[in-house]
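K.L.:
Could you put the whole structure together from the sequences, leaning on the hints where they help?
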Amino acid sequence: MNAALGTGGVIIGLTGAIGGIITVLMGIGSKRPHLMAMARTYAFMILGGGVLAFAAMERALITRDFSLEYVATHGSSATPALYNFATLWGALEGSILLWSLVLGLFTVAVALKFRDRLDDPLVAWAMVVMFVVCLFFFVLMAWPADPFKVLSVVPSDGPGPNPLLQNHPLMAFHPPMLYLGYVGFTVPFAFAIAALITGRLGEGWLVETRRWTLFAWTFLTIGIILGAWWSHEVLGWGGYWGWDPVENASLLPWITGTAYIHSVMVQERRGMLRVWNLSLLCATFALTILGTFLTRSGVLDSVHAFSDSSIGWLLLSFFGVIVAVTVVLVGWRGDRLRAPARIDSPASREGAFLLNNIVFAAFAFVILLGTVFPLISEALADDRVTVGVPYFERMSMPIGMVLLFLMAVAPVLPWRKASMETLATRLIWPGWVGAGALAFAILTGARGFAPLLAFFLAGFAAGAALRQLVLATRRQGWRGLVGRTNGGMIVHLGVLMIAVALAASGAYQIERDARMCVEAETGCPSTITVQGHEITYVGSSENVTAQKTEIGATFLVDGKEYTPALQLFPNGSQTIGKPTVKNTLSSSVMLSVTDPPGDGTVAVKVIVQPLIVWLWIGGAVMAIGSLMAAFPGRRRRPIDPVSAPIPAAGPVRRPDEDQREPVGAST
Amino acid sequence: MSDTETRKRSAPRPTLIAAVVVGCVVALLVVLLATRDNAADSASTASLEGKRAPAIGGDLVLGEPFDLGASDRWVVVNFFATWCTPCRVEHPELKAFADEHEKLGDARVVSVVYDEDPDLVKKFFEENGGDWSVFDSDQGRTAFEWGVTGVPESYLVSGSGIVVEKIVGGVTKAELDAMIAAYSGAAVDAGAGSGP
Amino acid sequence: MTRGRRRGLWIALAVIVVGLLAVGVLDQGERTDAQRARDLEEQVRCPQCRSQSVAQSETPSAKGVKTVIRDQIAAGRSDEEILDYIASAYGREVLLDPPGSGFSGLVWALPAVVAIVAVAGLVVRFRDWRPGPSAVVSGEDRELVAGALASRQQGEGDGD
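Chain order of the listed sequences is S, G and A. Residue numbering for the first sequence follows the numbering used here, starting at 507 and increasing by one per position. Residue numbering for the second sequence follows the numbering used here, starting at 586 and increasing by one per position. Residue numbering for the third sequence follows the numbering used here, starting at 64 and increasing by one per position.
Calculated from the structure, these hints are not laboratory results. Every clue listed holds true.
27 Å max Cα-Cα, derived DSSO-like pairs, lysine-lysine:
{"id": "1", "chain 1": "A", "residue 1": "K126", "chain 2": "G", "residue 2": "K751"}
{"id": "2", "chain 1": "G", "residue 1": "K751", "chain 2": "G", "residue 2": "K688"}
{"id": "3", "chain 1": "G", "residue 1": "K707", "chain 2": "A", "residue 2": "K126"}
A few chain G residues that don't get close to chain A, going by computed Cβ distances all over 12 Å:
{"id": "4", "residue": "V615"}
{"id": "5", "residue": "D657"}
{"id": "6", "residue": "P677"}
{"id": "7", "residue": "D684"}
{"id": "8", "residue": "H686"}
{"id": "9", "residue": "G690"}
{"id": "10", "residue": "E711"}
{"id": "11", "residue": "I747"}
{"id": "12", "residue": "E750"}
{"id": "13", "residue": "A766"}
{"id": "14", "residue": "A767"}
{"id": "15", "residue": "G770"}
So the derived label-pair ranges between C-beta atoms look like this:
{"id": "16", "chain 1": "A", "residue 1": "G168", "chain 2": "S", "residue 2": "L657", "range": "48 to 56 Å"}
{"id": "17", "chain 1": "A", "residue 1": "D90", "chain 2": "G", "residue 2": "G635", "range": "48 to 56 Å"}
{"id": "18", "chain 1": "A", "residue 1": "G202", "chain 2": "S", "residue 2": "T547", "range": "53 to 61 Å"}
{"id": "19", "chain 1": "S", "residue 1": "G554", "chain 2": "A", "residue 2": "G165", "range": "52 to 60 Å"}
{"id": "20", "chain 1": "A", "residue 1": "D90", "chain 2": "G", "residue 2": "P671", "range": "53 to 61 Å"}
{"id": "21", "chain 1": "A", "residue 1": "S141", "chain 2": "S", "residue 2": "E1017", "range": "21 to 29 Å"}
{"id": "22", "chain 1": "S", "residue 1": "G554", "chain 2": "A", "residue 2": "D204", "range": "51 to 59 Å"}
{"id": "23", "chain 1": "G", "residue 1": "V610", "chain 2": "S", "residue 2": "D626", "range": "31 to 39 Å"}
{"id": "24", "chain 1": "A", "residue 1": "V86", "chain 2": "S", "residue 2": "A1020", "range": "28 to 36 Å"}
{"id": "25", "chain 1": "S", "residue 1": "D626", "chain 2": "A", "residue 2": "A209", "range": "30 to 38 Å"}
In this text, a Cβ means the ideal position worked out from N, Cα and C, and glycines have one as well.
P.N.:
Structure, rendered in structure tokens:
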């Protein structure tokens, strides 16, 4: 029943995708609008198929239908409801299913948003690209990664999902967020390809897809932050980012997407960098597929990887096709797209964006190189090396510093050309904010060149962002917090919180392993003090449920009770630690039990990290900021002035202060 | 990777050139990725095989003191823990092997505890039999020297103290017998074994 | 703000920032053995794991490596000696930092080459970008702009 429903859904989706491609292509070929307009019907068909398949799989999971291989290998009757629901995206086949569903949603959303323009060849081609991507994922589900395989012998129960995936609720939300981000980039990609095919590279399609890109980027950001949060809460070593291939795979499209969000403004303002922006969009989408390949095919070692490699070659081929199509189209069209405009001066907003893009491109290059280098080295030099955290940290630190510096300078730069005098005037107060941050850090005991430089630059950049927000709100009230520039500054503030938290928690983490007793004896205290936090061992407890056995050790951390535990899942032979984290704004205390407690004694690892919560707060601020940036301000009218103000133009107020602000007017 | 695209204005069709370059690089990457094996299948490059066996430094838990390379027998050095299921499975095999070769006098078994309280091991041997020498893990030092990454893992060491074979996972008596037979046959050429 | 006063503020800022950074760099305590051990642990992959470092892992093989690192520090070995020793037991691939020599030196060199090429390319291009002749705004232009601005509705959207 469930298998039949699900397979039916897959077939419907598959048919919809194929039908959509053929019909719309015929419509484009014969210039028949009604054929192109049928894209909407096919989009709904794909979504319907996706929903049906998703519902069938959830139904199978909830009703514990172990006749499905997927349920039998990843579900169990003891799994609690939330994790049982989330099991759908806990393994390879299910994650493809979720991907297809989200893709169906986006396809329908595009079809609805552009319902009046489906017969426009640009939109029609974009729909074709969307359908092709849908086709690919439904083909994966129909054949190599079929989630609805039926077992001939039905087991009475299953092992349940990986224990690590069922001990924190965040795991239920992190993958869907990530997928909304990954899949969301399909939309701008589709429009980029459509623009290349039709040769209509005016700014029109950019304005159309700007919010889609921002939407995808926001969800990708949230997904990455949630993943980091999950790692921190669950893995128990105080880390949140391990430069693991899977994590890198999610960071790569984020980097190129971020570069795009910046450089696209240059195109809108000055009509430049068209080819570059198209390439960034295509690269972002291609990197989501490459990332999926790297993490799903098993070519790279990773803690997160699903080791099934049967779909690896398909993903790799798809990646190859995407890159080939992009390269051919860009090579064919690219040289005709040259913008007439030129950058007047490196010391201008567009110059800063260009530099920003080069730094981001270098960042993406370094991460991609580091991620695949073990493969390159083994293939070409027969030399097995590991490229791990120290490499990525060493390489990304200078890049991060340059980015922080750009975040300080770029927001005060006007378009076209800035004089030194303008810069010196606008940057002096942000500079003092940075100095204040540095002095505060020194006073609180922070030492070491790299973290202190990061604090200074972050303060500097925060000053620049706040300056923009203060000037904008002073002039426009609450509207000074929305719109691209102002929302962007809020995102910057979020990024800066994260940067400071990264620098501080990395450099000033304190770790202590201790054996503690309920009754203190020599060599076994009952209370220890780590970094001013008092930790007292109270006793242990055992909690047995059908899902797992949990052996907890209760501690008082600064008077508040926490019970980190060791968990034993009946099916897995491994013991999973379940750490606890006490968060305050200034520091976090993590406790993890390292040896099963017994006889009134326990071995515990205490990790105190400063400013950890600001990672998550910063992530939230970034999400809010990008909402603000997407807030529908009024579109710039073609006759609005875009560059230097013309003094005689009368008293019309231009809201964008960078264009208005007279040089040297900070008083 | 594609950051060259916006530059180079002087050339006639710079974008085309950049696109071709990017395309070639990515094509190479795809070929490279397509021809790779699964990473999980690859083994460590640091192999003890053919090298002198490291010392076993931990305290003696059970049996008699024992010195590697100072006997003329084959030695199976077995890393194990009682919390590991395959280790418990292979125990009877090791026992059969040890009993038989004790009589033949050509091989013996030595076990090294892997990350476990030695008392639990004593209890395990009491319950399940086996009377060969067992050494404590020495806080993981011994396993480090041997390059052990997980249990069970066993090493076949020749009488002169050279490691000839590393076996990852559980062993069977038949497997060990076959190995010893093979190496004893080739012992003269290899100069490693000194079987009976 | 006058020019002179602004220059004074910038000089003061530079002095303070450099001074504070100097304090932050010079006033660091000696690196303790525990910190050294921790740094080394972060550079070694846990032998039985896929990508976690020894520092992040409580697996038996990671514990063994930790013990050995502490032994070696106590024996007075240098960081390189300790890492080489670990590599001799578990293979070069357990070191998370790729070596700087041989083929894997490329992983260090390539980003530097790319960065230099990118910056050089940018510099060359910025040289080409001489500002065009600044437009002379005629009275006619001003009228055109004023007319256009007046013709559109008042009340403003946000800047983008």
